[in-house]
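Engineer: Residue-level listing of the chains:
There are 2 protein chains.
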Amino acid sequence: MRTVTWESLSAEQQNAVLQRPAITEGANITAAVTAVVESVKTEGDKALLDLTEKFDGVRPESIRVSNEEIDAAAARLPEKMKAALNQAYKNIGAFHQAQKLPPLTVETQPGVVCELVTRAINTVGLYIPGGSAPLPSTVLMLGVPAQIAGCNKVVLCSPPPIADEILYVAKLCNIDEVYNLGGGQAIAAMAYGTETVVKVDKIFGPGNAYVTEAKRQVSNDFRGAGIDMPAGPSEVMVIADETADADFVAADLLSQAEHGPDSQSILVTTSVLLADKVTDAIQRQLAELSRKEIAEQALASSLIVIAESLTQAVAISNFYGPEHLIVQTRNPRELLPLLDNAGSIFLGDWSPESAGDYASGTNHVLPTYGYTRTYSSLGLADFSKRMTVQELTQDGLKTLAPTVVTMAEAEGLDAHKRAVTIRVEKLLAAK
Amino acid sequence: MRTVTWESLSAEQQNAVLQRPAITEGANITAAVTAVVESVKTEGDKALLDLTEKFDGVRPESIRVSNEEIDAAAARLPEKMKAALNQAYKNIGAFHQAQKLPPLTVETQPGVVCELVTRAINTVGLYIPGGSAPLPSTVLMLGVPAQIAGCNKVVLCSPPPIADEILYVAKLCNIDEVYNLGGGQAIAAMAYGTETVVKVDKIFGPGNAYVTEAKRQVSNDFRGAGIDMPAGPSEVMVIADETADADFVAADLLSQAEHGPDSQSILVTTSVLLADKVTDAIQRQLAELSRKEIAEQALASSLIVIAESLTQAVAISNFYGPEHLIVQTRNPRELLPLLDNAGSIFLGDWSPESAGDYASGTNHVLPTYGYTRTYSSLGLADFSKRMTVQELTQDGLKTLAPTVVTMAEAEGLDAHKRAVTIRVEKLLAAK
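Chains A and B, in that order, are what the protein sequence lines are. Take the first sequence: its letters are residues 3 to 433, numbered as in our numbering. Take the second sequence: its letters are residues 3 to 433, numbered as in our numbering.
All clues given are correct.
Any copy, or any two copies together, can satisfy a pair, since identical chains are not distinguished.
No more than 27 Å apart at the CA atoms, straight line, and that leaves these computed lysine-lysine pairs for DSSO-like:
no.: 1; residue 1: K428; residue 2: K279
no.: 2; residue 1: K82; residue 2: K173
no.: 3; residue 1: K43; residue 2: K155
no.: 4; residue 1: K279; residue 2: K433
no.: 5; residue 1: K400; residue 2: K84
no.: 6; residue 1: K82; residue 2: K92
no.: 7; residue 1: K428; residue 2: K82
no.: 8; residue 1: K400; residue 2: K82
no.: 9; residue 1: K201; residue 2: K155
no.: 10; residue 1: K102; residue 2: K173
no.: 11; residue 1: K279; residue 2: K400
no.: 12; residue 1: K92; residue 2: K400
no.: 13; residue 1: K428; residue 2: K294
no.: 14; residue 1: K201; residue 2: K173
Because the hints were derived from the structure by calculation, they are not lab data.
Generate coordinates for the entire structure from the input sequences, incorporating the hints supplied.
Structural biologist: In structure tokens, the structure reads:
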């Protein structure tokens, strides 16, 4: 890991050192995904089976996973795994349940009542990537809020064969339909629907470059589907002072680095001594990791920044806007009011990122790649939408009328004005 | 207006009759906007002045409107106009102030505390279109929530010359900087910043096809800026039964139609008699409108749907998902729990859309073009973001550890597991 001292850098160098690597999506990915999306739109299920055979190397007997298969998978799962998933389900449920918003009613002036009401998004699609190991935690992070929001229909796609852990959580979250589908074909199927696959309103979940490109394409088409948030490589920043435990900091930086070669791990510390200790601890811990090669690649582009104060460390963090931010300082909570651009914040020595990644209750789907400046941690709000409602009494309208009429006149909108005056005239005539 | 009877249509015809016209953005618009964005990125203020001279026919002495000019505009404005704008400001403020969310804290299991905190987006840019008449109402709809959310810096662009009404509201909302800029160049300037224009995190506001395309382009660039929501033509649906006042319904349909030739006005009614009366009333009222030609064009593609029941009318509305939905039935509030896809709902005879367009308190920036299925009415939430926070005690981590370890093992993520076990081992060793 490279170490830089913040104060010794020019403003330009400070900016450069925290720049994220540009994501270069090859034009070949765009074209390949466009072809996949088109074939799913025109050929439906047939295209899905062909593409699954081509990309996943299996032609499933059925696109939809039957309830019997789901029950059997659940029955097969070891009790210890079930207990862990159940505990995570409970904690994530408690935190997301608390995010429910009661309807809001405000009488802005006598007889003018404005309301804000929440409705679940009707139909949502969850994407769970395949790969070397199953990701049941992501099913929880998407399935629990969908269930609590009360979405009418929740479907899930994952490339076959789908692991028992995923099917178990799908059942736990009461997901309506599970499909043996991965990649761009899964995204296209959910965005446009096929004979078997339900068309959804919004698609959630992580994925590789093809999945990301497919989500981008279907979300740019108003006949497609909405998506959760822009994707980017995962990243962590640790703010630490001289009281931090170097072994813990090293473990946290490594747990980010093992995600992928493009993961970013950045330590910002006021202590040069701690920086040295963390560098040593990383070398020691790295040797024991099964995903050592991946972590090493990620660490090559990672960084230690020496800050001259915690105030400066906070400013660096707010400028970078990390997806995950771990604060290991003497009084971590003191810094919280000053922190603004982050996806999820972990306070103190006993709050490792992996607690939130799996089971504490917070969501692990977070804005990354600088999108923390404008995007939120995934939550109940993303599975619902807010509508406004208003109801005016006769007197309310009469009182508000001069304001509306004056403004409509200024904006040259006659019919807007008439919609008010025609009503007020009728009220006056009725007297 | 065309009239159709819902029951007499096949499912395919029902679908077709409610299809929105496709928005065909010419490739020439895309290319023209790309050129504008590029020149603003490379040449900054110089490009802004050149482009403003080219497109708006004036070369302003200064890009930024001085505080003296703003004060002078405010002083010039007639008292009646100020009173109307002040009243609207007050009502919109009351409704958006009530949307503030207190921080949420949940102890999901003993010693595991999860929080949801809200932060204002740091820097936001508001775009107010020019045109034949000023749009101070849109300044209110964007400026009030930005002010209440507590955004650190709020800037506004509008093509010169900027009307006194707009400058007055900018002052009311305490907007930090106002620029003489319109079109794609305004969007590019706010997304990337120039010598004079502040770079913003997120851009809000309506605009023509060039503005919409520029917003799309800068939001697809992670070094650009976020945007509020996808754009589309404005639309209204009225659900009415035999108790509705045909003059009121006609006035509401017309106040939508006068917005632009692509506006959609749809009446869904259980009463054939009412449908006839509304058609007559539209003809009568149309004659008196200054924007008669525009309204006539919009009405040409508008529609009356005869439904056999209010239940069916509600289903039609939920399927179409109108931006504005006006309910003029005997008991409008009875239908509210059944309505789910709409931007803003107006209940009863005395709640015309123009009340909400200007001054009742609700926001008039709403999802349209079917995006009501997944997007919300603009509100305080759009000017802020939610971060999660967690803090575990030593005992909290010890209790949660087996769950995290089991799940990390299932996902093959060693370092995630180590970040927990290294801490628990230290706790056990310290005993």
